[in-house]
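Since the structure of chain A is already known, use the hints to place chain B on it.
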Amino acid sequence: MTPAIEARSLVKVFGATRAVDGLDLHVPRGSVYGLLGPNGAGKTTTIRMLATLLNLDGGSARVLGHDVVREAAAVRSRVSLTGQFASIDEDLTGRENLVLVARLLGLGWRGARERTDELLAAFDLSEAAGRRVRTFSGGMKRRMDIAASLVVTPELLFLDEPTTGLDPRSRSQVWDIVRAIAAQGATVLLTTQYLDEADRLADRLAVIDHGRVIAEGRSRELKRSVGGSTLHIRIQDPEERPRAEAVLRRVLGPEVQNGADEDHLSAIVPDDARVAAALSELAGAGVRLAEFSMGQPTLDEVFFALTGRPAEDQSRTPDGEAEEEK
Amino acid sequence: MESESLKGVLATTTRPPAPSRLSASLTMGWRAMLKIKHVPFQLFDVTVFPLMMTLLFTFLFGGALAGSTREYVQFLIPGILVQAILLITVYTGIGINTDIKKGLFDRFRSLPIWQPAPLVGALLGDVARYSIAGLMVVGLGFFLGFRPGAGVGGVLLALVLVLILAFALSWVWMVVGMMVENPESVMTSSFLVLFPLTFVSNIFVDPATMPAWLQSVVAVNPVTHLTSASRGFMHGGLQWVDVGLVLLASALITAVFAPLALRMYRRER
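Top line first, the protein sequences correspond to chains A and B. With the first letter of the first sequence counted as 1, position 324 gets the number 324 in this note's numbering; the numbers rise by one all the way through. Take any residue in the second sequence, note its place counting from 1, add 326, and you have its number in this note's numbering.
These are computed hints drawn from the structure, not numbers from a lab. Because the structure is a prediction, the values reported are computed rather than measured. Incorrect hints may have been included.
As the list claims (entries may be wrong) - Non-contacting residues of chain B with respect to chain A, defined by C-beta distances greater than 12 Å in every case (computed): (1) L336; (2) L470; (3) V478; (4) V506; (5) F521; (6) A534; (7) W539; (8) S542; (9) A575; (10) M590.
Unchecked claim - Heads up, incomplete: computed chain B residues facing chain A, CB under 7 Å, no partners named: (11) S331; (12) L332; (13) A344; (14) P345; (15) T353; (16) K361; (17) V365; (18) L430; (19) D432; (20) R433; (21) R435; (22) S436; (23) P438; (24) I439.
All residues carry an ideal CB built from backbone N, CA and C; glycine is no exception.
Extracted from the complex, chain A is given alone in its bound form (with noise of 0.2 Å):
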C-alpha cells in the first residue's frame, strides 16, 4: 500500500526565508505521526503544502497516493486540514457551522443535520450548539474546529498545534479524540511543540529545525538518542551552582544545562541508575539540594542535544529581534 505520506526534498522561500528547506517525510498509513519543533521551524508550512494550500517551489510529494500538485482536487478530497487557529465562522452557531461544511462536502440538508448532530453529541458540544461560536471557550472553539474536520472521516487529517493555547482539560480531550480518530484507523499528522505531546500520540515523530528534518524515529528511540530522562534540580544557595554543574557533568556527563532561574540546573541522564550516585555526590560535594525531579526530555532539551543550541523561536530573523528591542 502506497504511504500517506512521501514527501521529498520540500521547499518554501518566503522572501528571503527559506521556511521549509529540503524537507523528506515519510509517514505510513494508519499512523499517529508528529511533526516536533519550535515556533517557525517550518511546521505549519509543510503541513499547509501537503493539504495543497501552498505551491511547492522544490521538491514534490504525494498524499495518499496522488501528487499534491497535479492532482489537488483528489488530496482534497480524501484528506482534512484543522488549522492553527480555528477556522471556523465566529458569526454563526455552532450546528450552522457544521452544517456548512456537511453541505460544501456534498450532504443533502436532512444528512447535513443528521450528522451534525451526531458530532455535537460526539463532541459534548450539543448545548452550546444554539450559541455564536463568538461566545465558545477556547477548548470548545478547538473541538468544533477538530469536529468540522471530521464530518466525512478523512483517511488522512492534518492538526496544526491542536493543543496550543488550551488548558490542560481541554487538552487532554483533544488528546482523546486524536488516539480515537487514530483507532479507526485514519493517519493523522500533527505538529506540536511539546515533546511529551508527540510522545503521548505520535507513534513516530520528525524534529524540524530550520525547514529541515535533524531526526526522525519512534519517540522512545528519540528520547534514548537524547539520552532519555532529565534530572532537574534546584539547589538552596546559587553560590553554589558552578559546584554542582560540576559535579554533574562528572557523574552524569557532559549535556548540563543551567535554567534560567540561578537556583536550577538540569541534567540528561544516560543511564537512570546514576541518578543516586550524583545525587549522593552532590552531598559528599556540599551542594545543599532544595528539590530534586526527574522528568521526560523537553523538546528543549531534545534540540540541545541533537543540535547543540538551545531551541529558540525560529519566526524571528535576527534583524526582526533588533526590531523588536527598540
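Below, chain B without anything else, positioned relative to chain A:
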C-alpha cells in the same frame, strides 16, 4: 467526552459526491444570509450614513435647493439609493479579509468544492444585503413624502440597475480585501474611492451650478449616469444612454476585477 459516540461518529466513512458548483455557491450564500441574521449591525452602520444625509439634506438644504423639502425628497431619494448601496459594497471586501485572517478560507480551500464558490456565494449574499439597504432608503423616503411617479415597478427597475453596478464594485473590494492587511484598511481605502465617487456626482445637487471643470468630472462619473437613470426609472424621463453607460462601466469593471479576484483567491497566501 463520550468516547463511544465518538467512535460511532468516526466509523461512518461514506463520502458523498462533491456538491455541484451551484450547490456549493448557494451554500456559501446561505452562510452570508446567516451572517446578516446574526450580525444585522453590518447592514446598519454603513446604511445609517446615507439615511442621515437624507434627513440632513432634506431638512437643512431641501427648501433652499428645490423650493420645498417635499420637492427635494423627490430629487434626492433615487440618488441616495445609489449612494447607500454603493457604500455598503465595502462589506464584501471586509468580509473576505476577515475570512482570510480567521483561517476560514484555508478550510474552504482545503474542501473539494468548486474553488470560486466562496466568492460567488459572498456575492449572492450581497444581493440580499444590498436589497435590504435599498428598501430602507426608499422606505425612509416614502415616510418623508417621496412619491415615485413610475410606481413600484420603476423603483424596482432602478434597484436592479444599482445592483448591477454594485456587483461590479464588489469585485473591486474583493481584490482590495485580499490585498490589504486588515478590515480597517479595506474600509479606509475603499471610502477614499467611494466618497469622491458618490459626492462628485448629481446625487445631492444639480451640477449646473458647479464650476465647469467639476461639471466635466461629474459628467464622466458612472455614478452620475446611474443616478440619472435611477431618477428616470422612478419619475419618468429615462435616458437610455444613461442605462447603457452604467452597463458598460459595470461590464468593464467586472471584466478587469473579477478575473483578478479569482486569480488572487487561488493564489496562496
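Each hint, compared with the structure:
The non-interface label for L336/B is inconsistent with chain A: the shortest C-beta to C-beta separation is roughly 4 Å, within 12 Å. Distance check for L470/B against chain A: the nearest CB is about 33 Å away, which clears 12 Å, and the non-interface claim stands. Every beta carbon of chain A lies more than 12 Å from that of V478/B, the smallest distance being close to 33 Å; the non-interface claim holds. Every C-beta of chain A lies more than 12 Å from that of V506/B, the closest at about 18 Å, which supports listing it as non-interface.
Separation of F521/B from chain A is adequate, the least Cβ-Cβ distance of about 27 Å exceeding the 12 Å criterion. Here A534/B stays apart from chain A, with its beta-carbon at least about 46 Å from theirs, past the 12 Å limit. The non-interface label for W539/B is consistent with chain A: the shortest C-beta to C-beta separation is roughly 45 Å, beyond 12 Å. Taking the minimum C-beta to C-beta distance to chain A, about 44 Å, the non-interface status of S542/B holds against the 12 Å cut.
A575/B, annotated as away from the interface, keeps every beta carbon of chain A farther than 12 Å; the closest lies near 33 Å. Residue placement check: M590/B keeps its beta carbon more than 12 Å from all beta carbons of chain A (closest about 14 Å). Hint on S331/B holds. Least Cβ distance to chain A is approximately 4 Å, under the 7 Å limit. This hint holds: L332/B has a C-beta 4 Å from the nearest C-beta of chain A, less than the 7 Å allowed.
The criterion of a C-beta within 7 Å of any C-beta in chain A is met by A344/B, whose closest approach is roughly 5 Å, and the hint holds. A distance limit of 7 Å between C-beta atoms decides the matter here; for P345/B the minimum to chain A is near 5 Å, and the interface restraint holds. Proximity of T353/B to chain A holds as hinted, the smallest CB-CB distance being about 4 Å (cut-off 7 Å). Because the smallest distance between the Cβ of K361/B and any Cβ of chain A comes to about 5 Å, under 7 Å, the interface hint for this residue holds.
The interface hint given for V365/B is met, as the beta carbon of that residue sits about 5 Å from the closest beta carbon of chain A, less than 7 Å. At a threshold of 7 Å, the smallest CB-CB gap from L430/B to chain A is about 5 Å, leaving the interface hint in force. This hint holds: D432/B has a C-beta 5 Å from the nearest C-beta of chain A, less than the 7 Å allowed. A distance limit of 7 Å between C-beta atoms decides the matter here; for R433/B the minimum to chain A is near 4 Å, and the interface restraint holds.
Interface hint status for R435/B: upheld, as the beta-carbon distance to the closest one in chain A is roughly 6 Å, under 7 Å. For S436/B, the suggested interface contact is upheld, since its CB lies about 4 Å from the closest CB of chain A, less than 7 Å. For P438/B, the interface hint holds, since its Cβ comes within 7 Å of a Cβ in chain A; the closest pair sits about 4 Å apart. The restraint placing I439/B at the interface with chain A holds, with a minimum CB-CB distance near 5 Å, inside the 7 Å limit.
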